[in-house]
Amino acid sequence: MRKLMIGNEAVARGLYEAGCSVVSSYPGTPSTEITEFSAGYPEMYCEWAPNEKVAMEVVFGASLQGARSACCMKHVGLNVAADPLFTLSYTGVNGGIVICVADDPGMHSSQNEQDSRHYAKAAKVPMLEPSDSVEAKAFAKLAFELSESFDTPVFLRMCTRIAHAQCPVELEDRILPDKKPYVKQAEKYIMTPANAIRRHPVVEARTEKLREYAETAPINFIEGTGTKLGIITSGTCYQYVKEVFSGDPDIRILKLGMVHPLPDRMLTEFRASVDRCVVIEELDPCIEEHCRALGLSVEGKNLFPVLGEFNQTLVAKAFGKPVTAGPALSAQIPVRPPVMCAGCPHRGLFYVLSKLKLTVLGDIGCYTLGSANPLCAIDSTLCMGASVSGIHGFNKAGGPDTEKNTVCVIGDSTFMHSGMTGLVNIAYNDTKSTVIILDNSITGMTGHQQNPTTGYNIKGDPAAKVDLEALCHALGIPSVRVVDPYNLAECENVIREELAKDVASVIISRRPCALLKYVKAKPALTVDTSACKSCRRCMKLGCPAIHMTAGKAEIDPTLCVGCGVCSQLCAFGAIQGGEDK
Amino acid sequence: MKTTNIMIVGVGGQGTLLASKVLGQLFLNEQYDVKVSEVHGMSQRGGSVVTYVRFGETCHSPVICEGEADFILSFEKLEAARYIRCLSPSGIVLTNDQEIAPMPVITGAAEYPHEILQDLSALGARVVSLDALALARQAGSVKAVNIVLLGKLSTFFTFSEEAWLAALEAVIPKKLFEMNRTAFLLGRSA
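Residue numbers (our numbering), protein chains in the order written: chain D, 647 to 1227; chain C, 147 to 336.
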């Protein structure tokens, strides 16, 4: 059966067909759907872990037990999981381990543009890189085989244009691997210095064996017989090269399905077979630098950027090929940045923060959109959890005056991921910081995944629910308050009170995401145009449902969910409906 | 055969992804090679979104570049204009005539260019517009704008009505199929 699948669905199918039985992940664009699709197969146990480090360690345990297992994360998630990764490379596996990591060139939904291939080299872990959904499925299966035959975790590197691009995939059956019983092996699994020092040479020897494998692996192959121009490429770039050069008799392509370790002899022989050789790879010049280290004369980043995504036009232009120009408008088109949704519970809270002119250390999630016009309510965004750790440093360096006008904001899922440890530090090392947990009862930005605070697991079944108030108290925070972000006066009062207190506080701003299915919209609000004085105060919310028409505020009934925040702002009572309807 | 390139552009939340799923299913059913490229995550929150759909004998790249789009299927006027550089010299812009104000317009930092479709026509682009929102309402849900537009798009292809409806049925949840079928047919006869 042929089915259209995005790369991530194809990876999930590959895990399934390979007999994988445990998947543990933390959501992150563009990797999230691998785990969501995996959860659709009842034969595989799947879970959302609180963070990527936990996920990778769960997989380590499952592998010890003999199961084929996988963890999935976005590129920055791999930073979080880097600690187990580097030593998992030493222990190797019992049941096969596949680590799916999805890069985001062009930063469609990420805070940086890091290239995960560096991790493969640094942690000495082999990495496969598919170039479409067909390969995504096939490579996921191959990764398990390599993992078990070479006794190593194996990376499957995705990127946005593979993870989220669909193409037809042929489905195959699930084949269960032979059972691998757990056998106690202290020298392999207990990484004390005395044992680890004996594992390191095993790792180095393994890389050499894998390099030898790469020389003849079918996933590294040469296409074409041209001698004028050789192109070394992998992943999505291979597709752009094919788009530009298909049928060109002068071209020879070396397509690498395995990007670490690289096949030295194959690269050297390929270079010798062509007059000119160009490496085409998105992000960093990993393959190019390897070729240079082998003494091969190649081009690459002299023609292509280290920034952003590539496409067929970019490849064509680099070789001086003609491209079609499209029509060019002279008029400026207003930009359309992403915005917080109508009825987003974060909006009211951010309005208050903006009104109080507070310094706000931010975090990773939908609420990062609070940084945009007109709210402009965020001062920093670094990485998961950094708001809570950061405010402590900000306040330590700034002193009591700073403490009185600084807060940090972090979502419920992000707090579970890596905010808790920062909060412990606030209590333990004593700043009077005010931490606001934006509890919208879901992991929002990545498309509504459950987390330990929601009371449901990945399948939507009831699960243990973290009591945030009790947790914050237990971590040493004396003052914990809960507010409804739809109630502006309450938010303002509580924030003022907590900032004034001489203790560390947590304010939980609690209201489920307006897009959740169980959240029922109220009737849309309406504007009494005779009462509207055109003061534009409601426009300060940056609600996509409100705009000005003929000088008066107007509310789009198809977008408005009746949250009532704007009606609290209107001094003339011109906005009607909402709560009392 | 030449690859056909369709860009679907709109505002996050308008249902562009579902439209691309239906197209992908149709071309798969018709035995073509297909590539559909989406972007998830941040941009979905009311931002400008674009999905690429390509079909033909063999499709390599998942994306569509400047001057390559045979169709720009636009869910909102401004978005048609934003991606007009991608239109091929013989391409067609098929757009919903709805206006959704982006944040700079809402905050007063920019003006919505109401005459933008005339500007596109003046560039020589072939522009077809329709009130997909009204037709979607008529079909029973404002959310069916995407399917109304697919209905209109279907008139530019030789695939049978049955083939389109079969793709629709394969993608749309059962209980919403009848309403979407109505939306499709309204768009197709508009």
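Possibly wrong hints are sitting among the right ones.
To be verified - Computed list of lysine-lysine pairs in BS3-like fashion (alpha-carbon distance at most 27 angstroms, straight line):
#  : chain 1 : residue 1 : chain 2 : residue 2
1  : C       : Lys-148   : D       : Lys-1163
2  : D       : Lys-901   : D       : Lys-967
3  : D       : Lys-967   : D       : Lys-767
4  : C       : Lys-289   : D       : Lys-1166
5  : D       : Lys-767   : D       : Lys-874
6  : C       : Lys-289   : D       : Lys-1163
7  : D       : Lys-1198  : C       : Lys-320
8  : D       : Lys-1003  : D       : Lys-1078
9  : D       : Lys-1147  : C       : Lys-289
10 : C       : Lys-148   : D       : Lys-901
11 : D       : Lys-770   : D       : Lys-874
12 : D       : Lys-649   : C       : Lys-320
13 : D       : Lys-874   : D       : Lys-901
14 : D       : Lys-1105  : C       : Lys-320
15 : D       : Lys-826   : D       : Lys-770
To be verified - Just a few of them, taken from the derived set where beta-carbon distance is under 10 angstroms, the chain D residues facing chain C:
#  : residue
16 : Ala-811
17 : Pro-814
18 : Leu-817
19 : Asp-1202
Treat the hints as calculated values from the structure; they're not laboratory data.
Even for Gly, the Cβ is constructed at its ideal location relative to N, Cα and C.
- If you take the shortest Cβ to Cβ gap from D:Pro-814 to chain C, is it below 10 angstroms? 6 angstroms, holds
- Regarding the hint that D:Leu-817 lies at the interface with chain C, is the smallest CB-CB distance below 10 angstroms? Nearest chain C Cβ about 13 angstroms off; hint violated.
- Query: Quick one, are D:Lys-1105 and C:Lys-320 close enough, alpha carbons at most 27 angstroms?
  - Reply: Holds, at about 22 angstroms.
- Going straight from one Cα to the other, do C:Lys-289 and D:Lys-1166 come out at no more than 27 angstroms? 17 angstroms, holds
- Query: For the pair supplied as a hint, D:Lys-874 and D:Lys-901, is the alpha-carbon distance within the 27 angstroms limit?
  - Reply: Distance of about 17 angstroms is within 27 angstroms: holds.
- Message: With the threshold set at 27 angstroms, check whether the alpha-carbon distance from D:Lys-767 to D:Lys-874 stays at or below it.
- Response: 31 angstroms, violated
- Message: Against the 27 angstroms threshold, does the CA-CA distance of C:Lys-289 and D:Lys-1163 hold or violate the hint?
- Response: 15 angstroms, holds
- Holds or violated: D:Lys-967 to D:Lys-767, with C-alpha atoms at most 27 angstroms apart: 35 angstroms, violated
- Query: Taken at face value, is the distance from the CA of C:Lys-289 to the CA of D:Lys-1147 at most 27 angstroms?
  - Reply: With a Cα-Cα distance of about 48 angstroms, the restraint between D:Lys-1147 and C:Lys-289 is violated, given a limit of 27 angstroms.
- Query: Within a Cα-Cα threshold of 27 angstroms, do C:Lys-148 and D:Lys-1163 meet the stated pairing?
  - Reply: 43 angstroms, violated
- Could you check if D:Asp-1202 really has its C-beta closer than 10 angstroms to a C-beta on chain C? 8 angstroms, holds
- Given hint D:Lys-901 paired with C:Lys-148 - CA-CA distance at most 27 angstroms: Given that 27 angstroms is the threshold and the Cα spacing comes to 25 angstroms, the pair holds.
Hints 1, 3, 5, 7, 9, 11, 18 from the list above are not met by this structure, while the remaining hints are.
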